[in-house]
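Residue numbers (the working numbering), protein chains in the order written: chain E, 24 to 332; chain P, 14 to 308; chain S, 850 to 1194.
Certain hints may be false.
[As the list claims (entries may be wrong)] When the alpha-carbon atoms are kept at most 20 Å apart in a straight line, the in silico SDA-like pairs for lysine to any residue are as follows: (1) S:K1056 <-> E:D245; (2) S:K1056 <-> E:Y281; (3) S:K996 <-> S:K1056; (4) E:K58 <-> S:F1020; (5) E:K283 <-> S:N1142; (6) S:K1056 <-> E:L286; (7) P:K195 <-> E:Y44; (8) S:K1056 <-> E:A287; (9) E:K203 <-> E:G159; (10) E:K205 <-> E:Y182; (11) E:K96 <-> P:P76; (12) S:K1056 <-> E:W295; (13) E:K118 <-> E:H152; (14) S:K924 <-> S:E980; (15) S:K947 <-> S:S928; (16) S:K1056 <-> E:R293; (17) S:K1056 <-> E:S214; (18) P:K92 <-> P:L109; (19) P:K195 <-> E:G159.
To be clear, the hints were calculated from the coordinates, so they are not data collected in a lab.
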Amino acid sequence: MPKAAPTHQPLLSVSNLKVAYPIRSSVLRRIVGEKVAVRDVTFEVKPGETVGLVGESGSGKSTVARSVIGLIKPDAGAIGFNGHDITRYSPRQLKSVRREMQMVFQDPYASLNPRLTVRDLIAEGWRVHRDVVPRGNWTAVAQELMERVGLNPDYSDRYAHQFSGGQRQRIGIARALALKPKLIICDEAVSALDVSVQAQVLNLLQDLQEELGLAYLFISHDLSVVEHLCARVLVLHGGEVVEEGSVHDIFDRPQHDYTKALLAAVPVVRPWLGRSVSSSTSTHPERLTQGGTIAPNIQSREERNDIYS
Amino acid sequence: MSADQAVITIAPSHARRLRATVSARILVPLVVIGILGIGAIVVPVLYNYDPLHADLLVRLKPPGTAMPDGSIAIFGTDKVGSDLFAEMMAGTRVSLIVGASTLLIAGIVGGILGLLAGYFGGWLDTALMRIADIQLAFPSILLAILLVSVLGQGILNVIIVLSISNWVIFARVIRSQVLGLKSLEYVEAARTLGASHFHIIFRTLLPGCIAPMLVIASVEFGYVVLAEAALSFLGVGAPFGTPSLGSTISTGTQYLASAWWISTIPGLLLLVLVLATGVLGDALRDRFDPRLRSA
Amino acid sequence: MAEMRIGSDAVTRSAAASLLSVRDLQVEFTTAAGVARALDGVSFDVSPGETLAILGESGSGKSVTGQAVMALLPKPAGSIVGGSIVYDGLDLTARPVKDVRKLCATEIAMVFQDPLSSLNPVFQVGYQVAEPFRRRLGMGKREAWGKALELLKRVGIPDAETRIGDYPHQFSGGQRQRIMIAMAIALEPRLLIADEPTTALDVTVQKQIIALLADLQAETGMAMILISHDLGVVAQVAERAAIMYAGRIVETGPIREVYDRPAHPYTRGLLDSIPSAAEIGGRLTPIVGSPPNLLALPSGCSFNPRCPFATDRCRTKVPALRQPASRGSDHAAGCHYSEEVLADA
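Please take these sequences and the hints and turn them into a complete structure.
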């Protein structure tokens, strides 16, 4: 069950985020215009909550992730973390924020430095943030983390290329966990994995959330994964949020035409049982028993309509 | 799909064969350079070689001549009666010292500037690369002659001069390597950890640049040795009294008709040395090509 | 004419109906670390007008199967070491690569995963689509260009008259895949092999491409092999499925039967791993462990270390594909305990 978000302060709040890339003239490289990647994106992530960001290529979902973690400077809007506006933070100030906000990348092959052992990959964050784990304990704690994410701790001296794709993604998760973050941004973190391995990693993410109270900003093009993992979902299209709501709202009662088209396109494993995702999932007994919880969702949708329309 | 491709896209047995030849191509030049290095250190000492010593009685003797002191000059003697073998090895010593020091200085300076230019970009990059362009447009041997005539002769000055004309190549290659690495996810991952610029440049990017640096170094080594020889040949390199392969070849040219060995044998040695480093550089480039590496 | 060309009796069983008949195919890859058996005893048939889905995860051998048929195995590393590939009565494994390529150019076509790297960036798409007409059919430039335009319209490139002169980078990923399909069907092949044709595309585009392939097949009656890792994508169009694991087909049959009543624990594990199959927010039931290293396959059934049903028998004896009791004659699984797997569901 997606856990209902506790009602405290949002951990992450993004308001009116805008990111644009300059378009330059071909010869003189003068800025002649801008291509807006993301426009007016507003959302919140509460502690311990999983928020999904879905969209197709070019929808700007990765741009949102990268501006939240500070890899891209936003052109407008504000990003708040833990009650502080971090949009205009200096690199030094950002350093402390980054400890609490980590990222798991899409490509388990490109996101791990090929010249570091697993132990060093996990310990890299401690080299930057000296006070997290004392140097003498690096190996021990790294091995603990490896065990926690389901890797054999005896392999801590191996290099990333000696592991399979799923195991590499576990290394990526262990590295993100090393700094004891409150929020982990998963940018297509399971998209490159085979389905059986993907399921293992999704389970791991859920276990870690329960155990450590992590919040996830989960970015994916795979709607079935988002539906499975997230409590709330934002649908991005052309750099704008076209629909936002609880996972039930979005998947069972999509309002926007784009969301409907997206859902209709999701391949169904057994098409002979019924066409769309929503019908196949709502026939699930568990889904039906959630009938009692639908009412508050509808209410929250109406509230949202009040705010945004 | 990745594992699928790992199996398919490299032609593995081909790769293995390549790797076997690669290791031979690394080993053989290393042995050649190693022997020359040891020879350069040991031979002049064994022969008690003194560049200022002249013994006109045994000048211009052909290879294999028995010397008055009972030894045999296997490569003959030069115009002042010095044993050519000892002179050549002393010259090799100079070549190797000049080559190694030049590459060290040029590599460090060029490497750091390339890292900074590639990482920070902007005006620093523009400025450095325009300087590099200008310097590349200017023939490096002319530049070296110009600088030596200002600084004066001497091994140290030769090293400085050659470093100045060589840092550009390091800076350019490292810069383009950094530009490629910078956008990789693992570099971004280091940034998301909150790593400082220093950390990213020297702990994340630099290790990825070591391989191309080694490759350029081994290729450039041959050029530097040749350039030193050329400077000495032209009389602006190693000063009088410091035997160098270039100066030995240069003096030998006057006697090509009567004593061919004075120019020819050091010339062949220079050829071997340059060839060995060139082959080594090529082999290293293949060795560091990740597509040829086993998973 | 198929009958006339058949030399051996090994294929007579299926020759009558099937266009492509693969029997006991063995493919090996020589790597630095040793010899990997990428395909081990793969057999399947495809009839005209039929769609076969070959499903599997990375390293299962599904792409190698397509490459073997098309004589596209990377040389010299990969080679067919046993078995036969009989196309229309002609054993392709016994033919020189040149002949197979020639045949592939006209009768067997392939669509790849990445349409950008399969198109030449410096030629107009019209030129590239027209090329087979000019080269294989000897058409004139104008005539071939006209044919190309027709094809681009057929595969649904909007505004094809003006876009025919554009270059590959000016098209979106989905449109590029349409162009690739246009090139593949240009000479009306009798067999189309599509290797992960929609993997690089967005879901909405994915659906359109699959629909296009299905339409084209209905129109031309060609046979189709869809190679994919995505069980959902192929379910819309394929009649039969072959599930591959570690170089073997572990289960094959009508796709509905295979999905609804999987008789191999791997197939079942795959189906259970799909998020939409589990309750929302609940735990998924993944297959434990990782896919095996082809260089060090476990003894017996390759799936045994990950299998909940595994016994000592599985660790020693490789199970043959067989029809599980109570299942139809065209449903087969390579498991000693298929009956238990079916009963457990």
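Going through the hints against the structure:
no., hint, verdict
1, S:K1056 <-> E:D245, "holds (14 Å)"
2, S:K1056 <-> E:Y281, "holds (15 Å)"
3, S:K996 <-> S:K1056, "violated (26 Å)"
4, E:K58 <-> S:F1020, "holds (18 Å)"
5, E:K283 <-> S:N1142, "violated (42 Å)"
6, S:K1056 <-> E:L286, "holds (11 Å)"
7, P:K195 <-> E:Y44, "holds (18 Å)"
8, S:K1056 <-> E:A287, "holds (9 Å)"
9, E:K203 <-> E:G159, "holds (18 Å)"
10, E:K205 <-> E:Y182, "violated (28 Å)"
11, E:K96 <-> P:P76, "violated (73 Å)"
12, S:K1056 <-> E:W295, "holds (16 Å)"
13, E:K118 <-> E:H152, "holds (8 Å)"
14, S:K924 <-> S:E980, "violated (26 Å)"
15, S:K947 <-> S:S928, "holds (15 Å)"
16, S:K1056 <-> E:R293, "holds (15 Å)"
17, S:K1056 <-> E:S214, "holds (18 Å)"
18, P:K92 <-> P:L109, "violated (24 Å)"
19, P:K195 <-> E:G159, "violated (31 Å)"
Checked against the numbered hints given earlier, this structure breaks hints 3, 5, 10, 11, 14, 18, 19; the rest are met.
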